[in-house]
Structures are given as C-alpha cells and as structure tokens.
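Residue numbers (the numbering used here), protein chains in the order written: chain A, 1 to 307; chain B, 1001 to 1307.
For the record, the hints were derived by calculation from the structure and aren't laboratory data.
Be a bit skeptical, because a hint or two may be false.
Said to hold, decoys possible - For the chain A half of the interface with chain B, some residues (derived, Cβ under 7 Å), not all of them:
hint: 1; residue: A27
hint: 2; residue: A31
hint: 3; residue: P53
hint: 4; residue: V153
hint: 5; residue: A161
hint: 6; residue: A238
hint: 7; residue: T242
hint: 8; residue: F245
C-beta: ideal position from N, C-alpha, C; glycine also.
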Amino acid sequence: MNEIVDGGRRAGAPAADRDTPFRRFVADFTASRIAVAALVTFVTIILVALLGPLFTLQNPYDLAQLNLWDSGLPPGATGTDGQVYLLGTDDQGRDMVSAVVYGLRISLGVAISSGVIAVIIGTTAGIVAGYFGGRVDTLIMRVVDMQLAFPAVLVALILLAVLGRGVDKIIFALITVQWAYYARTVRSSAVVERRKDYIAAARCLSLGAGRVIFHHLLPNCIAPLIVLATIEVASAVALEATLSFLGVGLPVTEPSLGLLISNGYQYMLSGRYWLSFYPGVALLITIVSINLVGDQLRDVLNPRLQE
Amino acid sequence: MSLVVFVGVYAIGNPITVLIDPRAPQEAIQRAIHDLGLDRPLYEQYFFFLKNALAGHLGNSFVFNEPALWVIMQRFPATLELTLTAMVIASVTGLPLGLIAGYWSDKPVSRVIMTGSILGFILPSFWVGLMLIIVFSIELGYLPATGRGATVAIFGVETSLLTLDGLRHILLPAINLSLFPMALIIRLTRAGVREHLQLDYVKYARAKGLTNRRILFTHVLKNIMIPVITVMGLLFGLIIAFAVVTESVFAWPGMGKLIIDSITLLDRPVIVAYLLLTVGLFIVINLVVDILYSILDPRVRLSEETR
C-alpha cells in the first residue's frame, strides 16, 4: 500500500515537501560526472543551434556573403578581409564553422520536431492499446510489430524513394519510423499500471476513460518514455544524416550535417578532409552526448535500480 | 503494398526529364515515351505491372534496358558476399568478446567492451565508414577505399573472396558493416552468460569439479547459442538493408548501391522490384526465424500458451 501512495505522490510532485522528487532526481543525475558533462555539452549544442546566427561569420547560404577569394582554405587560415576561418572553407568560400552551426540547426530541428510528433502519436496509440486491451490492443500492436520487423533505414528509404526529397518528407519518414517504439514502450508500462489500485479507484469515481488515461495512467507511464525520447532524438539525428548522406534525405537547399559530410566526401580524396571531417565530429558529439544523457536518465528513473 | 509502392514511385517524377536529352527532337521524345509505356493511363500501367509481376516480370529497367529483376540479381552476389563476410567477422569477434564481457562482468575489460558495443550501436555507420577510409586508405594507405577489386567466377558467379586484391577490397566495407551485428551479438552473449552462470546446472558442473573453461565453453555456450543464432538470422536481413549505406560509402557495386542510383535516376521498375524483393525477403526471414525459435526454445511456446 505504501508503494502505491508513494507512486501517486511522485507523479503529483508536491512542492511543499523538502525532499522533493525533483531534488532527488537532480541529486541522482549529478552523481555521474560523465552524464553531467554530456548534459552540459548537449545544452551547449542546443544553444549554439538556437543562437548560431548571432555569432557566425556569415550566413553560409546567403550567396552575397560568400567570398570566392577565400575558397578551399584549410582550418585556421586567415581570409582576405582578415577574418579567421577556424575550420577552413569549402570551394565556394563558405566558412565551415558557419556551415556546421547552420547544419546543426537543421539536423536538430528535423530530429526534435519529428520526435515530438512521434511521441504524441506513439504515446496515444500505446496507452490506448494498454488501457483498453483486447481487440484494440491486438490491432494497434499488430501494426507496431509489423513495422518493427523492418529496419528503420529500410522503412525510411522506401518512404523517401516514394515521396522524394524535402524537409516535410523526411520529418514524415522519421515519424513513421519512430512512433512504433513509443507505442510499444508506453503500452508495456500501461499494461502493468492499469492493474494497480489507483486506476481502479479512478474508475470507481466514474471518471471518463479519457480522464483516467491522460490524468492518471499517463503520468505513471512517463519515466521510460522520457528515456526513450532522449535516445530516439539521437537516433533520429543519425538516421537523418544517413539518409541525407545517401542523397535521399534533405534537399540541397537545407544542408544538414549529413549533407555537409556528403558534399565534402567528394573532396576527401583530394586532401580537403576538413569539409567532411568537422561536420562528422559535430554529428558524433551530438549523438554521443544525447546518448550519455539518456543512459543516465535510464539509471535514475528506473524504479528497480532506485531501491 | 504493391499498389502503394507503384503509385508512390509514379508520383516522384518524370523519368523522361532525366533520361532523355531535352535537346533531342520532339518525335524522338514521343517515341521514347511510347516505348517505355509512359503514355498510358496510370491504372493501365498498374494492371499491366501487376499482371507481369505475378508472372515474374517486373518490367525493364529504364536505364539498363534489361529486366529489372535481372539487373538486381546481377548485383546480388556482391551484396551477398559482403553481408556474409560481415556476418562472419561479427560472429567470430562478437562471440568471444561477449563471453569475456559476461564472464568477467565486474572487471574493467567488460566495461571497455560494453562501451565499444554501445558505440557500435549509436554511431551512424556511414560516419564510421568515412573514418575507416580516412584512416586506412588516405592516411595509412593500407587498403583500397572503393570498388570490388579483381573477381573470379565460380559457377558463373563473380566473387571477390578468392583473389588477394578482392579480399583487400572487401575488408573495409565488411568491417564497417559488421560493427552493428557485432555490437548486438556481444550484448546478447554477455547477457546470456551472466544469466546462465547463476543457474543450477553451472553449480552442479562446478561441484563436479569441472574447469571454468569447460563449463563456459561446453555447457554455457551451448545453451546461449539458441537466442544468438536466432538473432543472427534476423540480423542477416537487417544488414542486407544496412548494406545500402555501406555500399554507397565504399562504392561497392551491390544491390544497395543500385537502389540509391536508381532513386537518383528515377529508374522506377528497378525501385519497385527492389522494394518488393526486399520486403518479401524480410517477411520470409522473419517467418523462418519465428518458426526456428519456437522449435529451438520450448519456453517460447510455453509462454504463448499460458498467455
């Protein structure tokens, strides 16, 4: 009985309590130095992506701002106007720092917006399946199983081969690939939670199904969802980069990190390695830091490990 | 499914604009459109396609002017040998590493292996491929970066595996492709070893005075092989899909490279044939693995019945 009361309180998060769940959560999270470093890195990346245009040398896709005299410079070179290109320039005189920052904006923008929509669709489907069970459950989970039988790359490739390139299309493809993971995760915790007494109590108050699901059941299924959503953002970034690298993802006018790497790839054998290498490093740092944060969240939020 | 793919592929663009020089005389363009069957209404094209597909004809490639299925099957041996080599590398290195990580699960060596396997999961494989090329082909110059090298024909099938040059060419792409299945095999083996070392039969074997090596290799290994082999079957389908990425990075002339080229050139019959073939392959692999799993592991059948 104690456990249930505690579970209910954790979800409600009372502010008056001195040892609030949030404080406990922060203390647990900061126990790992690597995770804190990863979180700091990730927040920095987000800030760079958000505030990028304020401090980059140029808008790399405004042709008027490019200086052809400065094309193909190696990292650290000084341009004709005295500015320093820390990561070099490409064959059109585009500053690679600016290109990476703008690429990061697009990569993260695509990943996060598709992630948000996929969470909404997946969570709704999963919790409905878990709460009602029976035929609804079978129907939804069959679709999920069918989709998870195919690897994400293949599903996305099929969709993009059919739909063509474009930001909206790749977001659609990423949503299609991801929602099933959320549905499966949320369903598995919903199936466990709906048997508990507080759900029975809510039902006895003759609350509507919608209210029971979204006000009582959902808050208690949210921990694994947060972990999954974090890690899925990283895999969405990776998948989008892969698809763009293959030339089926974003159009050339919206150069994400993957597209930058792909564009630089043709110059790699001629020695201008920086065109591919630094966008690749940015991609790597993004993916690894998000995963480390997600891993620590999993450890902290997993009730089995907490005891 | 076939309708979705067909209509979708129809919608992505007009192959005429890609295939025919716009400066060609009008009557030549008209003739080409007529020869390719593109002047007929969509539903007529679909039924024509369906009728032929059921008879095994998936249409001629617009680019190669050969049956699409034949174009794909010509590339199939290259993909098959790449995926098989990758599978061998993954199991030969993954199993021992998993055993080590499971047996000494508290030692630092286990943490190193697990960190490595996590990297194998989260890093986009095209990025790893690029790094392999930069390090081994450009910087060190040990191995060639692109192509298949010299091939020899056995039973009419070209293979790179029997020439030294071919082996040098296959090494990098195969390693690249093997990283994901390797990571999965390591995790699975480790989890299996850790679980089985707690079980009674291991205690009995210890009581009998068997050496650790004998317990691990004869008794534990046999038991954990069931899930590992099953997953390897699933992985095989997975890395055929992943081969799309690896083949594009290393310019390996297999099916995956073909589909990417076909998407760029809007070679509809090849895209449709590839998608139908891969989806079919996946359904067959999943079915076979499911059946094999329930035959190999009686517990799966039990849990199905009790549910």
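Verification of the hints:
no. : hint : in the structure
1   : A27  : violated, 24 Å
2   : A31  : violated, 17 Å
3   : P53  : violated, 26 Å
4   : V153 : holds, 6 Å
5   : A161 : holds, 5 Å
6   : A238 : holds, 4 Å
7   : T242 : holds, 5 Å
8   : F245 : holds, 5 Å
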